Every structure is written in C-alpha cells, then in structure tokens.
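Asker: Listed below are the residues making up each chain.
Protein chains: 4
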Amino acid sequence: MDRDMGFKTGRIEALSDGIFAIAMTILILSFETLFQQPVPGIKEKDLMDMMKTYLPDLLHYMESFIILGTFWYLHHRQFHFIKKVDAIAIFINIIALMFIALIPFSSVILGDYGNVRPAAILFECNLLLAGLTFFGHWIYVSHKHRFVNENMDVETVKFYGKRNMLIPVVSLLAGLVSFFQPRMGVSLYFAVPLILILWKRRDEQ
Amino acid sequence: MDRDMGFKTGRIEALSDGIFAIAMTILILSFETLFQQPVPGIKEKDLMDMMKTYLPDLLHYMESFIILGTFWYLHHRQFHFIKKVDAIAIFINIIALMFIALIPFSSVILGDYGNVRPAAILFECNLLLAGLTFFGHWIYVSHKHRFVNENMDVETVKFYGKRNMLIPVVSLLAGLVSFFQPRMGVSLYFAVPLILILWKRRDEQ
Amino acid sequence: MDRDMGFKTGRIEALSDGIFAIAMTILILSFETLFQQPVPGIKEKDLMDMMKTYLPDLLHYMESFIILGTFWYLHHRQFHFIKKVDAIAIFINIIALMFIALIPFSSVILGDYGNVRPAAILFECNLLLAGLTFFGHWIYVSHKHRFVNENMDVETVKFYGKRNMLIPVVSLLAGLVSFFQPRMGVSLYFAVPLILILWKRRDEQ
Amino acid sequence: MDRDMGFKTGRIEALSDGIFAIAMTILILSFETLFQQPVPGIKEKDLMDMMKTYLPDLLHYMESFIILGTFWYLHHRQFHFIKKVDAIAIFINIIALMFIALIPFSSVILGDYGNVRPAAILFECNLLLAGLTFFGHWIYVSHKHRFVNENMDVETVKFYGKRNMLIPVVSLLAGLVSFFQPRMGVSLYFAVPLILILWKRRDEQ
Numbered sequence: 047m048d049r050d051m052g053f054k055t056g057r058i059e060a061l062s063d064g065i066f067a068i069a070m071t072i073l074i075l076s077f078e079t080l081f082q083q084p085v086p087g088i089k090e091k092d093l094m095d096m097m098k099t100y101l102p103d104l105l106h107y108m109e110s111f112i113i114l115g116t117f118w119y120l121h122h123r124q125f126h127f128i129k130k131v132d133a134i135a136i137f138i139n140i141i142a143l144m145f146i147a148l149i150p151f152s153s154v155i156l157g158d159y160g161n162v163r164p165a166a167i168l169f170e171c172n173l174l175l176a177g178l179t180f181f182g183h184w185i186y187v188s189h190k191h192r193f194v195n196e197n198m199d200v201e202t203v204k205f206y207g208k209r210n211m212l213i214p215v216v217s218l219l220a221g222l223v224s225f226f227q228p229r230m231g232v233s234l235y236f237a238v239p240l241i242l243i244l245w246k247r248r249d250e251q
Numbered sequence: 047m048d049r050d051m052g053f054k055t056g057r058i059e060a061l062s063d064g065i066f067a068i069a070m071t072i073l074i075l076s077f078e079t080l081f082q083q084p085v086p087g088i089k090e091k092d093l094m095d096m097m098k099t100y101l102p103d104l105l106h107y108m109e110s111f112i113i114l115g116t117f118w119y120l121h122h123r124q125f126h127f128i129k130k131v132d133a134i135a136i137f138i139n140i141i142a143l144m145f146i147a148l149i150p151f152s153s154v155i156l157g158d159y160g161n162v163r164p165a166a167i168l169f170e171c172n173l174l175l176a177g178l179t180f181f182g183h184w185i186y187v188s189h190k191h192r193f194v195n196e197n198m199d200v201e202t203v204k205f206y207g208k209r210n211m212l213i214p215v216v217s218l219l220a221g222l223v224s225f226f227q228p229r230m231g232v233s234l235y236f237a238v239p240l241i242l243i244l245w246k247r248r249d250e251q
Numbered sequence: 047m048d049r050d051m052g053f054k055t056g057r058i059e060a061l062s063d064g065i066f067a068i069a070m071t072i073l074i075l076s077f078e079t080l081f082q083q084p085v086p087g088i089k090e091k092d093l094m095d096m097m098k099t100y101l102p103d104l105l106h107y108m109e110s111f112i113i114l115g116t117f118w119y120l121h122h123r124q125f126h127f128i129k130k131v132d133a134i135a136i137f138i139n140i141i142a143l144m145f146i147a148l149i150p151f152s153s154v155i156l157g158d159y160g161n162v163r164p165a166a167i168l169f170e171c172n173l174l175l176a177g178l179t180f181f182g183h184w185i186y187v188s189h190k191h192r193f194v195n196e197n198m199d200v201e202t203v204k205f206y207g208k209r210n211m212l213i214p215v216v217s218l219l220a221g222l223v224s225f226f227q228p229r230m231g232v233s234l235y236f237a238v239p240l241i242l243i244l245w246k247r248r249d250e251q
Numbered sequence: 047m048d049r050d051m052g053f054k055t056g057r058i059e060a061l062s063d064g065i066f067a068i069a070m071t072i073l074i075l076s077f078e079t080l081f082q083q084p085v086p087g088i089k090e091k092d093l094m095d096m097m098k099t100y101l102p103d104l105l106h107y108m109e110s111f112i113i114l115g116t117f118w119y120l121h122h123r124q125f126h127f128i129k130k131v132d133a134i135a136i137f138i139n140i141i142a143l144m145f146i147a148l149i150p151f152s153s154v155i156l157g158d159y160g161n162v163r164p165a166a167i168l169f170e171c172n173l174l175l176a177g178l179t180f181f182g183h184w185i186y187v188s189h190k191h192r193f194v195n196e197n198m199d200v201e202t203v204k205f206y207g208k209r210n211m212l213i214p215v216v217s218l219l220a221g222l223v224s225f226f227q228p229r230m231g232v233s234l235y236f237a238v239p240l241i242l243i244l245w246k247r248r249d250e251q
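Protein chains in written order, with the working numbering: chain Y, 47 to 251; chain D, 47 to 251; chain V, 47 to 251; chain L, 47 to 251.
Note that these hints are calculated values from the structure, not bench results. Fair warning: this is a prediction, and the values are worked out from it, not measured in the lab. Errors might be hidden in some of the hints.
Same chains, same label: a pair holds when it works inside one copy or across any pair of copies.
[Unchecked claim] Computed cross-link-like contacts, SDA-like style, restricted to lysine to any residue with a CA-CA straight-line distance of at most 25 Å:
| # | residue 1 | residue 2 |
| --- | --- | --- |
| 1 | K129 | I141 |
| 2 | K246 | D95 |
| 3 | K54 | Y186 |
| 4 | K246 | F236 |
| 5 | K246 | F53 |
| 6 | K190 | F127 |
| 7 | K89 | G182 |
| 8 | K129 | M97 |
| 9 | K130 | T202 |
| 10 | K91 | L222 |
| 11 | K129 | E59 |
Sequences are here, hints too, so could you generate the full structure?
Answerer: What follows is the structure, encoded as structure tokens:
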C-alpha cells in the first residue's frame, strides 16, 4: 500500500519553512536595544550617535539573514527532487534544523564579540555542522535513487551533492582565515549566494 | 525537463507568509512592559495611569501591523501572477524579507523616540528599501513576461509596477514631512491601504 | 478572467495560521522567569516554592491558549465556506489578526494584575474587538453570498453569524462581572469552546 | 453535504507545524546570554571560558529540540492516516499543542536547575501530559474508524496506539529515575527517536 511506504514531503517542508522563517526573523534579537528602556528626552544628535552603534549589529543581521536564506534555498532545491521521506530522513532533517535554529544564537555571540577568535569560530562551526547535515541528507535520500525520481541521472545527483558541500568548504576556509582575522573569515559567506546563482547546470534555471 | 526549468512558488510563499506572520506578531515586543517585573499590590488608579502610558506604543503597534499587512498584500498580489521563480528571484525575495523582518526593530525605535527626527527617518528608510526591493522583484519577474503568464497584457504589468511604487513614493514624502514634523510624516502610511483598496483596475476585484 | 476576479484563500489562511501559531506560542513570555538569571545552588524546597509561584501564570497561559485556539477554530470554520477574497476582506482579516496578535500582551498584563479591574477589562476589550472584527468579516463575505457558495442557504449564513457573536457577547458579560470580581469575569471564557462544540447545526459534524 | 460533515485536516496541520516550528526555535531563549549586554574588550581566554558555560545549555537545547521533533514526527504520523476532523478532535489537538508550546518553558527551568529534582520532574510531567493527549487524540480519531480510512485494519490502529504510548511510558520511567538521579532520568528521552525508527511494522517504511 503506497500510503504506508513513505511520507509525502509537504509537512516536513512546512515545518522547515516555519523554522527558517522564525530563525530569520528573531535575528533582530541581536539588537540589544530591543530590551532597553528608552532614554527620555533624548537629543537628535545623541540619537544619531546611538543609531551609529547599531551599524555593526545591522551588518551581522544582514549577513546572517542572507546565510539563512541560502540554507533555505539549498533545502528548497533538495526537496524539489525528493518524492517522499522515511523516519530516518525526517530525523536527519530535524538535526539539520536544530543547527539552523542555533544560528541566531551564534549570530548574537558573533555580533557581540566578532573581533575575538572563538566567537567567529563558533559561528563557522555552526554553519559547518548545518551544511554537513544538509549534505548527509542529500546523500541519504539520493543514494541509489532512494527517494528521488528514478529518471534523475547520476550526474545531476552528484552535482547537487557537490553544491551541498559548498557551505562546509567555505566554513573550513572561513575558519582558517578567522584564525588570523576573525571578521574577515566570517565575511567569506557573502560569496555563497553569488556562487550558487552562477554555478548551475546548463539545463536548469 | 520542466522540473529543472524553475521552482514552483509554493515554498517561497510559505517562507514569506511565515516571516510576515512573525514580524507582525513580535511587534508586541515594543511594549517594554512585557519584560518588566509586575508591581506588587498595585492600586487600580496607578494601573490605569500605567496603562495610559502604553497608548502611544499601541498606536505604533497598530500602524506597523497595518503597514506589514499592506506589504503582505502587495506580496500576495505579485505572486498571484507569478508562475515560477529562479534563484535570482528567490534571492531578491529574501532581501525584501530581510527589510520586512527589520520593521519590528525600526518600529521599536520609532515607538521609543517617535518625536525625534532620526527615528522617524530610520523607519521611513526601512519601508523605502523594502518597497523598492518589492518593486525590483516585480520588474525582474515581469520583464518580457519572464515568469508571469504570457497572456498578461503589458498594461496590467505596468499597472502593478506602479502600485508597487506606492510605498517608496509615500516613504519619500513621509521623509520630507518628518524633516519638519517627525510624527506627522510617519502617519502618512495610514493612507496606503485605502489607496490600494480604491486604486485598482476595472476588471479586478 | 477568473484570475483577476479575486484571490484564492490559501495564503490569507497561511498568514492567519502563522499569526495564531506564534501568538499561542509566545504566551509563555508571560512567565517572567524566562528572562531571569538562575539562582545558583538552589535547594529543592526553594525551587518547589518558586515553582508554586508560577501556578497563576500557568493558569493564565492555559486560558489564553484555549481562547486563541477558539478564535482559530472560528476562523477555520469561516474560511471553510469562503471561496475567495478581495482586498477589503483581506484588510478586515488583517485587522482581526492585529487584535489576535495583541492577546499575548493583554494576557501578560492580566497575568501580572489579574485581580485589579483595569487589567481584566483590557483583556476583555481586546477579545471583544477581535470577536467583533471576526463577526464583521463574516457579514462582509457572506452578505448576498458575496464570497460563499451560492448554494449555502440563508439559515446557515445566519447561524454562523450568530456563532461569531458568541465571543463578543461573552466579553460583554465578562466585562460586567469583572467590574465586581475581576478574576471571575475572565474565567467565563472557559465556557466558549464547550458551547461551540455543543451548539451546532444538525447536519454538521 | 460533504462540506458540512467535517473539516479537511490541512489547516490544523498548518497550525500544528507552526507551533512546533516556533517552540523548537525559541528553545534558544534558554541561552541567558541572548539578553545580556556584551562585555566590552573581552579577552580570547575569557570568551572561551564564557562559552564553556553554555555547554550544558547547548545539551539541553539539543535534547529538547529532538524531543519536540519526535512529537512532531508522531503528530505527522497520526495525520498521515486521518481523513478529516471535527470540533472535538480540533480541541484535543489544541490541548496537545498547549503542552507542546509549554516545553520551551519547562526546558528553561530544566536548563537552569537540571540537577534539582522538581525541575526534572516538571519537565517529565510536561512530556507525559503532551504524550497522553496525543494518545487520546489517536484513540478519539481511530475509535471505530471515526476519521481514519475504513480499510485500515485493527492491528495497524492498535500498533499506532501503542507507539503513541511510548513517550508517556518513557516519561514515567524517567520520573522514577529522576527521583534518584535528576539528570539521568531526563536523558532517557534520547532513546525515543531510535526506538521509533526501529520499532515499525514490516509493511511501512
């Protein structure tokens, strides 16, 4: 009976979309000001100065948002080819989401201490683990065409495997660079969406 | 192969709906009281006085909620016509959502310092950037009918382009007014949903 | 062209489900303890005492959760019959959601000052306004079968109108009772889901 | 008329997915550091020490995330077989979600006072109640094939009933162990996903 042979992917996609949406939105928690009492009768100049101090936070917010968006894109791209899932695939996915939902935390630490090495490396480890779990998920579902279309050629399967290794590879590089220049390492991630947009198979859009 | 030629729009809509829903709901974070210890044995009169101090926060909450709802409406309206998306459209959308998810932050600043110029202008810049990204998204997907129905006539494409310029135009006006009267500038946005309801093509509902 | 004559309801339902889900989940913010530093080396007895102080918060959490669930049920029930929406229906819905998303705030105030009159009345006003907006939404979409199935008989339309007046009526009663006994008034809402389960048309489940 | 005989399950699934997604994501609130001011000019060694203090929080985060994921899996598995729901099933589901949304709260307490008995037992009671409500939901919808496929054989119905008793049974065991060793009791839950992956019917995947 087909009903018993696997789950449709609709709900794991819905759960994932929800977790991505929340993780992306609560990145604004990194703005400490949200939890502070307003300063009564502030002068325009002082408010300007105060707002300048948000600038590094804003940059981290933007970077983390784009990184989460990139993971979402990879997730979306994987499930584009996945027909159904089983319990093991679901739990691999949940572990991937566990690392995704941790990114706002790593991002707060990075925003607070971005020029200190352990903060940058924590952030990069987090992305490395999330990326590796995504890669493992693809290997599991695509192995011997377990849950992907039988007609999908092996080249395409391998191509998406490689694309899912992009974030782990960038994370290792970033970790190396962060060892010498914490902030510079983290900024390497800005390249990932550009690479993903450009590096594609001829037959896809 | 059609499967490779583009993504269905279901999931980018789901992610967007999620981010809008969360951004709208966490607007209540602007009520500082949520994070305060209760005052033990408060008198009825004192509680009334305390609640009166929430009134400006409540107005800002309502305005920001309606503004976010208006952006959601524009997003919904765009995707009503979009058949599929590619990586570039997805990343434009993610950048738009990045500005959307920032609105609760700008709104907290506005709630705290609404009568000081930089707070009003930050809020208006945020909406300007969100609005421009939405406009850019429409230009990208509708250019040469890239992802919209081939039968959509050019007039309709242009009409929705103009409607997506409404928020950027109002933001520029609001910025100008805020230069003299911070609070008054911000209140211009209340007109946007009314304009959207009234300003429509004869053949639509 | 049908495509231009109205929106499918899928996305307004998704936005609403998202806002309900978040409002229900962030009710736990009413537990002040979430934002407190842990007490180091606490004794078992002291922790027990501390946990006893959460009990009223827990009751308010449960009540507000059930009330939000009841609104969600009414929303779900309405959209069960709605075929499409227009801009006006969408903005009525957004205003309804604005009051829904405010419930966690009113609930925190109620949790902190439940035995003081203005806190109970604020909570009841919030539910009254949410309920009236839901009622207005039903009137708008069902008037002359605007967006409901043409075959829906007038009796059924009226029946659901009446059911949508249940929360406003209970809110007025609760407000009256709260004038004398704040906590007792608020507890009237526990009756609503029971009434909704029992009070139904013979032909529905 | 079929339309009146019950609700499609799409929206209660969407609401549930939303609540699960949020509950899982706000588990990071258990990291107190999110709400703390950054220490200016921190040394690398001090940051390392600070980060070591997050380790127990991280473990609790991971455990609670996996537990919530497991509940989601059970929910998903139930609705795989459910064709429609009525008001009673919806309110049972809402009560189940009420206990699910409470898990981030119990988890914060557990993270703060994991080695003190009442904290562990609170957490286990929370999971026990959530598990029992899930079990009750399955009994209600599957009783005399009320809302499940008529062809579903009684063995399968019973099998899923038993699987839904897994978390309540583990919770009772964990409570017993926690009486002597608070932390050890709580760690029993790590076995649940493994049991669920292995303990399945021959004909399912």
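Asker: All hints, please: hold or fail.
Answerer: Now the hints, each set against the structure:
1. Within a single copy, K129 and I141 get their C-alpha atoms as close as 20 Å, which meets the 25 Å cut-off; across copies the closest is 29 Å, which misses it.
2. For the identical chains of this complex, K246 and D95 are neighbours neither inside a copy (44 Å) nor across copies (43 Å), given an alpha-carbon limit of 25 Å.
3. Taking CA atoms no more than 25 Å apart as the test, K54 paired with Y186 passes in both settings, with 16 Å inside one copy and 24 Å between copies.
4. In this homomeric assembly, K246 and F236 come within 25 Å of each other (Cα to Cα) only inside a single copy, at 18 Å, whereas the closest approach across copies is 40 Å.
5. Taking identical chains as interchangeable, the C-alpha atoms of K246 and F53 lie at most 25 Å apart only when they sit on different chains, with a minimum of 14 Å there against 29 Å within one chain.
6. Taking identical chains as interchangeable, the C-alpha atoms of K190 and F127 lie at most 25 Å apart only when both belong to the same chain, with a minimum of 14 Å there against 28 Å between chains.
7. In the homo-oligomer, the alpha carbons of K89 and G182 never lie at most 25 Å apart, since the shortest distance is 54 Å inside one protomer and 36 Å across protomers.
8. In this assembly of identical chains, the alpha carbons of K129 and M97 never lie at most 25 Å apart, being 48 Å within a copy and 41 Å across copies at closest.
9. Taking the closest pair of Cα atoms, K130 and T202 come within 25 Å of each other both inside a single copy (18 Å) and across two copies (21 Å).
10. In the homo-oligomer, the alpha carbons of K91 and L222 lie at most 25 Å apart only across protomers (19 Å), although the nearest pairing inside one protomer, at 41 Å, exceeds that limit.
11. Within a single copy, K129 and E59 get their C-alpha atoms as close as 12 Å, and across copies as close as 20 Å, so both meet the 25 Å cut-off.
Comparing the model with each numbered hint stated earlier shows that hints 2, 7 and 8 do not hold.
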